[in-house]
Amino acid sequence: MASRSPHQTVLNYANSVALLIQPFVDWFPYDLSGSFGGDETYIRVKERWHYLFFLFDAVKKVVLFDRISPNRNTLSAIKAIDDVLRKLPFIPEDLSFVVNSNPIYLLVQHFFAQQSISFDVR
4 MASRSPHQTV LNYANSVALL IQPFVDWFPY DLSGSFGGDE TYIRVKERWH YLFFLFDAVK
64 KVVLFDRISP NRNTLSAIKA IDDVLRKLPF IPEDLSFVVN SNPIYLLVQH FFAQQSISFD
124 VR
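Per the numbering used here, the sequence shown starts with residue 4, numbered consecutively.
Keep in mind that a hint or two might mislead.
[To be verified] With a straight-line Cα cutoff of 30 Å, these simulated DSSO-like cross-link-like pairs (lysine-lysine) come out:
1) LYS49 to LYS63
2) LYS90 to LYS64
3) LYS82 to LYS49
4) LYS64 to LYS82
5) LYS90 to LYS63
The hints are simulated quantities; they were obtained by calculation from the structure and are not laboratory data.
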């Protein structure tokens, strides 16, 4: 007969394990393709709406980073894409991000171009 764990016990365990394994997941040395996808969606955090930005390798099918922000703005998108760029050992010449048509991503592209980091936004 299986025992039943209270909901809060399972939640506490999941949160504890997540804190321990997050560095290994976030900084695992994946062999990345240089073609990335991203999107954002809204979620409720403590009764308030926030935005979850997530980015993934479009070829290798690996979620690379997720970032929660109270705002869906250019700064949040810059931080999310910067999380991915910091995982790359070098910036590939054919770097591209496939994202939705939100104009913040064009502003992100211009921001990184000012830092001499060029990529295509599709």
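Hints and how they fare:
no.: 1; hint: LYS49 to LYS63; in the structure: violated, 34 Å
no.: 2; hint: LYS90 to LYS64; in the structure: holds, 15 Å
no.: 3; hint: LYS82 to LYS49; in the structure: holds, 22 Å
no.: 4; hint: LYS64 to LYS82; in the structure: holds, 21 Å
no.: 5; hint: LYS90 to LYS63; in the structure: holds, 14 Å
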